[in-house]
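**Q** Sequence:
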Amino acid sequence: MQDVGKPYRGLKVLDASQGFAAPYCAGLLALYGADVIKVEPPQGDWCRDIGRNIAGQTALHIVGNRGKRSIALNLKQEEGLSVLHRLAEECDVFLESFRPGVAERLGIGYEAIRSLGNDVLYVSVSGFGQIGEYRDRPATDSVLQAFSGLMSINRGVDGIPHRVGMLAVDTAAALHVFQAVQAALFGRRDSAGGQWMQFDLMRTTASFLAQKIAEYQMEDGQPAGMNPPAGAYRTSDGWLVFTLVKNEHFARLMTAIGRPELANDPRYAGFDERRTHAEELVSMMTDLMSQRSTVEWSAILREHEVLNNRINSVGDWLADAHVRGIGAIGRIEQPDSGPVEIPIVPGTTFDPSLVAPAIGEHGAPILSELGMAPDEIDSLAASGAVILPG
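Numbering (numbering that gives the first Met the number 0) for the sequence shown: 0 to 389.
Calculated from the structure, these hints are not laboratory results. Even for Gly, the Cβ is constructed at its ideal location relative to N, Cα and C. Just to be clear, a hint being listed does not mean it is correct.
[Said to hold, decoys possible] Label pairs and their in silico Cβ distance ranges:
#1 350 / 247: 45 to 53 Å
#2 272 / 155: 20 to 28 Å
#3 106 / 162: 20 to 28 Å
#4 285 / 165: 20 to 28 Å
#5 312 / 373: 22 to 30 Å
#6 155 / 85: 22 to 30 Å
#7 89 / 3: 19 to 27 Å
#8 315 / 182: 16 to 24 Å
#9 312 / 182: 35 to 43 Å
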């Protein structure tokens, strides 16, 4: 994929959000060249404590905040709020993720930031939106996975709805917000004036699930598996998944397992018929797949052009020769918690020096850029309005 470079070089972003959804959006802007200042509370963004904390960093924080500069402000003090306002006077994009109404109470709501005189794109990311019956309802990734129906379509072999084991809701929200901000930045070239861009995890997750929501209606209710006996099966030494996209793929599968006559059985003539007899097909495949190793079955299925793959762990993906060979992984030289390898965001220039900041790490130089003298900075630090690293 072609590298698009740093198109947002010179763009000033003030990221007052916490967690992962909005911070990751701001982090993507940073990867594309924007100058992103992360405004943290004195104790730091709460995502620094989600997962294993090594010297103030977690995997979640590193992925969401690479390439940003951090300043730690106590917004409950007038001096701390004043610093944020001065920073906001120069920003192009402002992000917050407080519950509805909290930003206004802190003095950093849309009207307060807009009144500073710039054409800011003010971005709010909440759980259920700024209005409506659920606006004040607490929301997390798990809550939204349950609310949206995502868990209902992720049933295990035990029949129980399971949470997707990563921040699917927050990540989907971040990507939706990022694309909308990009469109707004492009549109702003021809028109002046700021705008309040409101996003919520509920609607961005629904957009992520648009196909399943439409399918639910067109299939007269939550559909069963689309292509039995496709799915994940335990082999003699691991797990493997195969899928059937076209009707003729079933014939290939039956030939691969040594049962070609079943391809002509009227019970299995098409997808609808196979759904009706899914239980017996799945039972047959469960027994067969357990009799050979993953490598053996994968080779047999590929020989007959049946789409399949071993179910990898994350570690398997990291070690994969193809992944390594195409340069899909970059090593971040994180100075506090140590180096870590992560996927390179397609289209970005990978820079190992773009690391996640420590709490308030860049407070002094940021204040200097505002024209503050060293004694003024020391005074703010002594008052507790600004927290500088020790």
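**Q** If a hint holds in the structure, say so; if it doesn't, say that too.
**A** Cross-check of the supplied hints:
no., hint, verdict
1, 350 / 247: 45 to 53 Å, "holds, 47 Å"
2, 272 / 155: 20 to 28 Å, "holds, 25 Å"
3, 106 / 162: 20 to 28 Å, "violated, 37 Å"
4, 285 / 165: 20 to 28 Å, "holds, 27 Å"
5, 312 / 373: 22 to 30 Å, "violated, 51 Å"
6, 155 / 85: 22 to 30 Å, "violated, 52 Å"
7, 89 / 3: 19 to 27 Å, "holds, 25 Å"
8, 315 / 182: 16 to 24 Å, "violated, 37 Å"
9, 312 / 182: 35 to 43 Å, "holds, 37 Å"
In terms of the numbered hints stated before, the structure departs from hints 3, 5, 6, 8, listed from lowest to highest.
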